[in-house]
Structures are given as structure tokens and as C-alpha cells.
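K.L.:
Each chain, letter by letter, is given below.
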Amino acid sequence: MNALLATVRRDILLALRRKSEVLTAVFFFVIVTSLFPLGIGPEPALLKKIAPGILWVAALLATLLGLPRLFAADHVDGTLEQMALSPSPLGLLVAGKILAHWLLCGLPLVLLAPVLGLQFDLDASALGILTLALLLGTPLLSLIGAIGAALTLGVRGGGVLLALLVLPLYIPALIFGAGAVEAHIAGLDIGGHLSLLAAMLVLAAFFAPWATTAALRVALE
Amino acid sequence: MRQSIIHWFKFASPQGFYPLAGRMIPWFWAAAAIFGISGLWISFFVAPTDAQQGEGYRIIFIHVPASWMSMFIYLVMAFWAALGLALNTRVSGMMAQALAPTGALMAALSLWTGAFWGKPMWGAWWVWDARLTSELILFFLYLGFMALQAAIDDPRRADKAGAILALVGVVNIPIIYFSVKWWNTLHQGSTINLNKAPSMAQTMLWGMLLMALAFWMYSIAVALTRVRAIILERERHTEWVKHALE
Amino acid sequence: MLKVSGLACSRGERRLFTDVGFSLETGEWLHVQGSNGAGKTSLMRLLVGLSPADAGEINWRGEPTPSLEFRRDLIYLGHHAAVKEDLTPLENLRLAAALDGIAVDERAALAALIRLGLRGREDLPVRVLSAGQKRRVLLARLLTRPAVLWVLDEAFNALDVGAVQLLGELIAEHLAAGGMAILTSHQPLPVPGGKALVL
Amino acid sequence: MHWNSVGEFFAMGGYALYVWGSFGACLVLMVAEPLLAKRRLNEVRKNLIRERLADELDHPSGTS
Chain A
49 MNALLATVRR DILLALRRKS EVLTAVFFFV IVTSLFPLGI GPEPALLKKI APGILWVAAL
109 LATLLGLPRL FAADHVDGTL EQMALSPSPL GLLVAGKILA HWLLCGLPLV LLAPVLGLQF
169 DLDASALGIL TLALLLGTPL LSLIGAIGAA LTLGVRGGGV LLALLVLPLY IPALIFGAGA
229 VEAHIAGLDI GGHLSLLAAM LVLAAFFAPW ATTAALRVAL E
Chain B
1393 MRQSIIHWFK FASPQGFYPL AGRMIPWFWA AAAIFGISGL WISFFVAPTD AQQGEGYRII
1453 FIHVPASWMS MFIYLVMAFW AALGLALNTR VSGMMAQALA PTGALMAALS LWTGAFWGKP
1513 MWGAWWVWDA RLTSELILFF LYLGFMALQA AIDDPRRADK AGAILALVGV VNIPIIYFSV
1573 KWWNTLHQGS TINLNKAPSM AQTMLWGMLL MALAFWMYSI AVALTRVRAI ILERERHTEW
1633 VKHALE
Chain C
336 MLKVSGLACS RGERRLFTDV GFSLETGEWL HVQGSNGAGK TSLMRLLVGL SPADAGEINW
396 RGEPTPSLEF RRDLIYLGHH AAVKEDLTPL ENLRLAAALD GIAVDERAAL AALIRLGLRG
456 REDLPVRVLS AGQKRRVLLA RLLTRPAVLW VLDEAFNALD VGAVQLLGEL IAEHLAAGGM
516 AILTSHQPLP VPGGKALVL
Chain D
88 MHWNSVGEFF AMGGYALYVW GSFGACLVLM VAEPLLAKRR LNEVRKNLIR ERLADELDHP
148 SGTS
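Which chain is which? The protein sequence lines are A, B, C and D, in order.
Letter by letter, the first sequence follows residues 49 to 269 in my numbering.
Letter by letter, the second sequence follows residues 1393 to 1638 in my numbering.
Letter by letter, the third sequence follows residues 336 to 534 in my numbering.
Letter by letter, the fourth sequence follows residues 88 to 151 in my numbering.
One chain only, chain A, in its complex shape (with noise of 0.2 Å):
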């Protein structure tokens, strides 16, 4: 468990060191959420429809954009392998790496979510239930990714190929994330979709480090 957290420590460390590769991922964020009402118009009624929908693939597109870095970085300079021969299950501190990519690339996305939302005329309960389901849904999407980033490292057109690949797997966390609010303001029950949320997030933080695990060794051969 220790090594987990020195993971989080040292990739959050090596973050501030460099901001720009974390603020690159949250200004996609903001940017292209305010770009849609200027492509769309602002007519409010459209664009509170369209809103969870909007930050939900924007959130989705902005979490892809850190993921080539999660583990090419290490990879290139040895860390890397260091680490898959480290006294430490590999499995752990891979699970570090992805705690630490969500913190960096997910979190910002859910604290900024309630004030870009804003722009979109939610009101405050739906901006609440809009955080919550981003809150459950962003580290769904950094486990996910953290598949593809290993399937993909190292290897031509990574970058390309990993959205190829991680995409279609982010596609329930969209409907019942971008679901919820929607359902909210139609005024239905929302329980359902943010329990089926949570149980894919158990599902994948199970699942996800050791699937990345088992493809990083394959990596390093």
C-alpha cells in the first residue's frame, strides 16, 4: 500500500514540475465545451438539453488526451522496468499510476464540471447530480485508458490507435454518466444509472490494473 501512495506521490511530484501537461488537458476541457453554444447558437432550452451530453464527451476526449503520457514517459527513460522488477507487485504500482492520472487529469474535470455548466443555463441540482456523475465516471475512464495506454506503448501511431481503442470502451460510462443528468431533468429516477456507474467502476478498478499490468510486461519484452 505504501508503494501505491509513493506512485501517487512521485507522478503528482513530477506533474507540478511540469504544469503545462496537466493545464493542456483542463483548458481542452473548458474551451471546447464553450465552443458548442458559439456552433450551435444560444437558444437556452436547446442547449440545457444537449449540455450533459457536451460535457460528457468533452470530459471523455480531455481525460484521452493525457493518457499516451501515463506511461511513455517511463517507459522511455527505464522507470519503467524498474518498476516491473521492483520488490513492489507491479499491479499496485500501476494502480498508483492510474490514482494519480485521475487525480491530475479527472479530478480538475469534476470541480470545473459545475461551472461550465453554467454556461449551458443547468440549474443547481442538476449541476449537483452532473458532479456526482462525473465524479463516479472520470476514474472509470482513467482505468479504461490506462488498458489502452499499455496495449499502445511504444508502438507507430500510438496516440491515434489509442483512441481507437479506448473509445468504444468508454461508451456505457457516456450513457449513464451523460444519462443521469439527462434523466434528471426530465425529472425521472436517477438511482439506476448511478449505481450501474458505480458498479462499473468496481467492476474496472478490479479488473483494469491487472488487464494493464499483463500488457506493460508485455510491453517491456
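No incorrect hints appear here.
Under the rule of at most 16 Å between Cα atoms (straight-line distance), these lysine to aspartate or glutamate pairs were calculated in the EDC-like manner:
#1 K67(A) with D421(C)
#2 K469(C) with E420(C)
#3 K1634(B) with E143(D)
#4 K133(D) with E1627(B)
#5 K469(C) with D458(C)
#6 K96(A) with D171(A)
#7 K338(C) with D354(C)
#8 K125(D) with E1625(B)
#9 K97(A) with D169(A)
#10 K1634(B) with D142(D)
#11 K530(C) with E363(C)
#12 K469(C) with D125(A)
#13 K1634(B) with E138(D)
#14 K67(A) with E420(C)
#15 K338(C) with D408(C)
#16 K133(D) with E1625(B)
What follows is a list of derived Cβ distance ranges for each label pair:
#17 L86(A) with A112(D): 35 to 43 Å
#18 Q500(C) with L109(A): 51 to 59 Å
#19 P1411(B) with K338(C): 39 to 47 Å
#20 L1597(B) with E130(D): 35 to 43 Å
#21 G94(D) with A247(A): 53 to 61 Å
Just so you know, the hints here were simulated from the structure itself, not pulled from any lab data.
All of these numbers come straight from a predicted model, not from anything done at the bench.
The beta-carbon is built from N, C-alpha and C at its ideal position, and this holds for glycine as well.
Dock chains B, C and D against chain A, hints included.
P.N.:
Using the frame of chain A, we list chains B, C and D on its own:
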């Protein structure tokens, strides 16, 4: 018992599998032809016109088998992939690689025929129907698998990475299917559906079944042909390949 | 302690080596020699368990590797710098230890860096150091990480005369304390004794 | 048999484009795919046979 284990391992090696596949291929082609011809005969000449959809429903005889096969092939592919990861048998990875293009073709066919059915029935080439949407995602999964394998130069690494991806995909497919269905019902999807379109006469079921068998045999025959090519490509420096060629 | 037999390895379609075997006991070291492309690095990666062998067995303390116990006893330094450019040598050393689940206090880390001649560089980001100095940061890990088996791939590259001397001393001390080492190089090494393995 | 003429069969009750568009695409793809697979196999075979020939020419005594 011991004998039979050795026997199986013989076919699990590329060297044993290459000639075996070569001998099996004509039989699968023959079976595909027989099932295909009888299936087509039923679908055009025996099955009655549907009261609701007229003759347009006959697309079902290729749409449904193609959809079935696209899903089934993914399962088979994941099975070979898992076997390859667990037992480290070389043929498994080659089989998975040989199956992917055929699976993608089936998914593409399913989408194409779905669109050609949708235009007269729904009045649009594409409707976000739950099944079609899932099929589209499955098509993407196939493309991802093939792209990943193509991007990795070392065949052993490509096999392993592809295997992990196929297994992740197989865990996700039910989740994706379920979530798309949920999404579709929430947004009040179309009421008529291609797959349970007509009141399913007995003959229609038979036609569909025969066509599905034909597609199945076809898929095996093509995959075996492709796996033979892959075996030769990967084993070209071994001694047995030199003797196996005529 | 370390028993290797029948090891074979191929890269792509090329056979690098077959039937490599040796054994190593405490206080012994192995010098792996061979021309460029003979497969020295491949052998090292195979020994430490990064890549699988085509055939053969590696046993550590009577158990087949890779095992968690083997990884606890092993330290492997390869071609890569394996240090983070944005961190200082001190941070690098302590974080690497933390990832391994080993607590290294500031005193021990500083002592290791000073022994490797990095006095005054402890708080600079590694990115401003020279290639040889980066290498020294990595080598400091040999002092902070208790391991029985040192596997060093081309560890003497990029080092100046003084550092080569120092690393030789470190290895000799390690062997005297009951350690083992496997080194690759195509030049003579400043470590006495040693078995030779030519690929 | 509910088709009165060949023309009626091909007209498919007004759904000709959709029915034949589907079956046609199916036919084209299912002919093309095996041909491509077969061509790939033949290609590898041809290359390997050429390589073997080159080997034999290189070692006329037959000892490789």
C-alpha cells in the same frame, strides 16, 4: 489417454496445423455451398411474403446470420486469445489474427444490410436502433484489434497485446450491449425491429438457420485459409516449411 | 544460489544463443562477454525476468524465477538512465526506494550521493547534470537498496576514470560482503576474479 | 412458389434496390474475401518456393 494428448499437441503446433487446415478447407467450402444454396432457396422461394413488410423483409436472411456471426466470431477470437495467453501455443494467436478480418466483414455486412432494410422501413438509412448501434461498436472493436496487431512488428508481442485487448473487449461487449439498449429505450427508439420483424413463420426460421450455418462454414473456411498464410509468413525460416511446400 | 541452464533466446527470426548455463554462489561474479549484437543485453533482460526465454531454466535459491523473493534480492541497472530529469538526485533516490517499498532516510540518501561524488548536486534537477553524473545518480541506488544480486548491463559506460575506479570498489565491497554480481562489458573490468561467459 | 414471373422475382415487390443491394453486397464481399485470403497464401508460397530455389542454387551439392 497419453496418446491422445500427444496427438492434440501435434495439431497445436503450426507444423501440424498447416496440413490439417489444408485438408479441412474443401470440406468447409462444400458445407458452406450446400447450406448456402438450400438457405437461399428457402429465403427466396419457400418463405412467404410478410404481411407487414412485403418482400423487403427477405434481407433478414443475411442480416441476422451476419449479426450472429459477427458476435460469435468475436467470442471465438477471444477464446483463442485466452488459450494463447494461458498455454503459450503459437497457433492460438494466429487463429485470433485470422478470424478478425472475417468478423469485421460480418459486422460490416450486418450494418450494410441493416441500413438497406432501414431505408424502406424507417425511411432513413441509419437509425440509432439498439442492435445496429451495438453492431457499429462491435465493428469498431474489430478495427481496433486489427489496427493494434498491425501496428506491432514483433508477432509474439502482437499476439499477446491483441489477446489482452480481445479479452477486455469480451468483458465489455455485454456491458456495451446492455447500456446501448438502456439508452435506446430511454430515448424511445423505433418500434419495429428488423430482428423480430415478421411473425416468424417456421420456414423463415429454417431459412435463417441454414443461412447462419452457411455463414459459419464460410467463416471457418476463410479463417483457415488465412491462418495457413499467417503460419507460412511467420515460420518461413523453419526447416519444416521448406518440406511442406509443393 | 543462482543456477541457469539451457537458456535459449531469439530476437525475431534470429537465434541469439542456445544452451547458456552457469551457476553463481555468494561472493562470485560473472563477466558476460561478447561482440556487439551477440545478445548480452538480451541475456541480462532474460535473467532478470523482463523477457521470457525460448527455453531453459533460471533458479534462484532453488526456486524458479521470476518470484517476488528474486525481485527482492535483485537490482538491475540497464542501458537506460532510469532517473527522472525533473527531480533532483535526492528525490530520485528516495522516491525510487519508496516505490520499492524501502524507507531510505535523507541521511542515507545523502551519504550515498556523496560517496558517488555528487556533493553539491543533490538539489539540482537531474536534467542539468552531465551524462556521467546521471549515471552516478543511478549507481547511488546500489548503496541504498539492499540486494544480493547485482545485474549491471554496461554499467561502466559513460563513466570517467574516477567513477570506473569507484564502481569497481563498490562491486568488490559487495562481493566481500557475500553479494553476487553479473556484469556485461567488452572491455576488461577493474574487478578481480570473476567467472567468464562468452556469448 | 409465389413468383409468377422472373421479372416479378427481380422486382421483389418494389423492394428490389434494398433486397438486391443487400444480397449483392453480401455476394461481392464473400467472393472477394476468400480470393484475397487465397492470394495472400499463394503469394507467401511463391516467395518461399523462390527462396528455396535460391538456396539450392547457392548450395549446388545439396548440403545446406
